[in-house]
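Start from the sequences, fold in the hints, and give me the full structure.
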Amino acid sequence: MSIKYCHKHPGVITRIRCFHCKKNICSRCRLHLDHHFFCSRKCYQIYRLGKFGAFLRRHQLTLIVCWNVLLSLLLLMHWEKGEAPAAEAASAPAAEPPPAAVVRDALPLPTPIDTLAPPSADGSPALLARSVYHYTLPVERGAVVVIWQNDWPVSSERVLHGETKSYPIPLAYGRNRIRVGVWNETQQLVYQDYFEVSYRHPVREARRQPVLRGDPARRRVALTFDGGASDAGAREILAILEAKKVTTTVFLTGQFVERYPDLVQQLLAAGHEVGNHTYNHPHLTTYAENGRHDLAPGVDRAYVQRQLLRTDSLFRALTGKAMVPYWRAAYGEYNQEIIDWAAEAGYQHIGWTRGFDTFDWVNDPAAPLYKTPQAVYAHILGKDNPQSDLNGAIVLMHLASERKNGDQLYTILPELIDDLHNRGFETVTVTRLLAPPE
51 MSIKYCHKHP
61 GVITRIRCFH
71 CKKNICSRCR
81 LHLDHHFFCS
91 RKCYQIYRLG
101 KFGAFLRRHQ
111 LTLIVCWNVL
121 LSLLLLMHWE
131 KGEAPAAEAA
141 SAPAAEPPPA
151 AVVRDALPLP
161 TPIDTLAPPS
171 ADGSPALLAR
181 SVYHYTLPVE
191 RGAVVVIWQN
201 DWPVSSERVL
211 HGETKSYPIP
221 LAYGRNRIRV
231 GVWNETQQLV
241 YQDYFEVSYR
251 HPVREARRQP
261 VLRGDPARRR
271 VALTFDGGAS
281 DAGAREILAI
291 LEAKKVTTTV
301 FLTGQFVERY
311 PDLVQQLLAA
321 GHEVGNHTYN
331 HPHLTTYAEN
341 GRHDLAPGVD
351 RAYVQRQLLR
361 TDSLFRALTG
371 KAMVPYWRAA
381 YGEYNQEIID
391 WAAEAGYQHI
401 GWTRGFDTFD
411 WVNDPAAPLY
421 KTPQAVYAHI
431 LGKDNPQSDL
441 NGAIVLMHLA
451 SERKNGDQLY
461 TILPELIDDL
471 HNRGFETVTV
481 TRLLAPPE
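In this note's numbering, the protein residues as written are 51 to 488.
Every clue listed holds true.
Think about it this way: if two alpha-carbon atoms lie no more than 27 Å apart in a straight line, the pair counts; the simulated DSSO-like pairs of lysine-lysine are:
| no. | residue 1 | residue 2 |
| --- | --- | --- |
| 1 | K72 | K101 |
| 2 | K371 | K294 |
| 3 | K72 | K92 |
| 4 | K433 | K421 |
| 5 | K73 | K58 |
| 6 | K433 | K295 |
| 7 | K54 | K92 |
| 8 | K58 | K72 |
| 9 | K54 | K371 |
| 10 | K92 | K73 |
| 11 | K54 | K73 |
| 12 | K295 | K371 |
| 13 | K72 | K371 |
| 14 | K294 | K421 |
| 15 | K294 | K433 |
| 16 | K58 | K371 |
| 17 | K73 | K371 |
| 18 | K294 | K454 |
| 19 | K72 | K54 |
| 20 | K101 | K73 |
| 21 | K92 | K58 |
| 22 | K421 | K454 |
Simulated from the structure, these hints should not be mistaken for lab results.
All of these numbers come straight from a predicted model, not from anything done at the bench.
Next up, the structure:
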């Protein structure tokens, strides 16, 4: 299959075409509307007009009939309000008082939702692993059934035939407050119910737990690499891993996928697994400013999920495959809220084991965090101690380095891998690191 390039950005590979004009478009210039991709609002509007025209042609007869019925109803209502009341008033006895007061006393006013009984805290909410709860209720003819989920109406129905009905209630992830009210034909509240349901899915719950290391009882180590804005040193690292027959997990940004498609293909061909490192490596929290992991300005659910899904879309467009369901936050900045949003998008956060950040991105030898390759080598192997600190460790390294003159960390990578193997350690991907014992 030939490689396609965006018609607006000739250097960007894409597999997506405008649904209307069929031009090739990349993630930066496409609009996702009505489950399709478009290159511009103009193409989208033309598409919508075409759909509307097709709808009119398909339902032409029905629309004409409905229009005639509507006109007839309007004429009938006009006649009832004008002529019929006048005739009734002329024939009615003049001395008889209007029955309005009697009717108002006999028919109670509609009961507002505030008059439903307040929720009672009598036990824990039911726990479900599915996103829909089915509520079964016997109702009489003419009753009105209204159902609220988290104070938002999700169902309202007037019952035409007395029967036992089942109402599907969509659930939000987590705790759901369900309130049910039934009114009879005279608008009296005849039934009410309040309960709570908690929706939890085991896979998603597992993804809400950030990973910092594997099983400490197994002699396995994951050498992981982050790929961001540069490829300096990446080819040398891949050559070493291939020579040592080691596969690992690499976390790539969307910008890396856009800039270095050949490297991405080389990674996959060598058997490495690719995780998500956001699109443009943003600060998600305020840690760099105040030492706290509060949400950075502009960071919300949509922003986090857009960072992850955009990167995954670029990877799919290039390779035809999905990323593994792991991600790593830029700068290691995250909090539980960010973790939950990423879990909703299908990703579990993979950090690194405390003490196994190699700081290979620090270029200045005078910087406090700077470590020579030899110091990193000695530090990692020194963790193979009686406390088994090296077991299950996740080591953080980078595909790129601005270091020069043999100071790059990959210079000690062959020796490090050999020594790990000689000590009985397996160098594995994150997926294998987290896999249960066979």
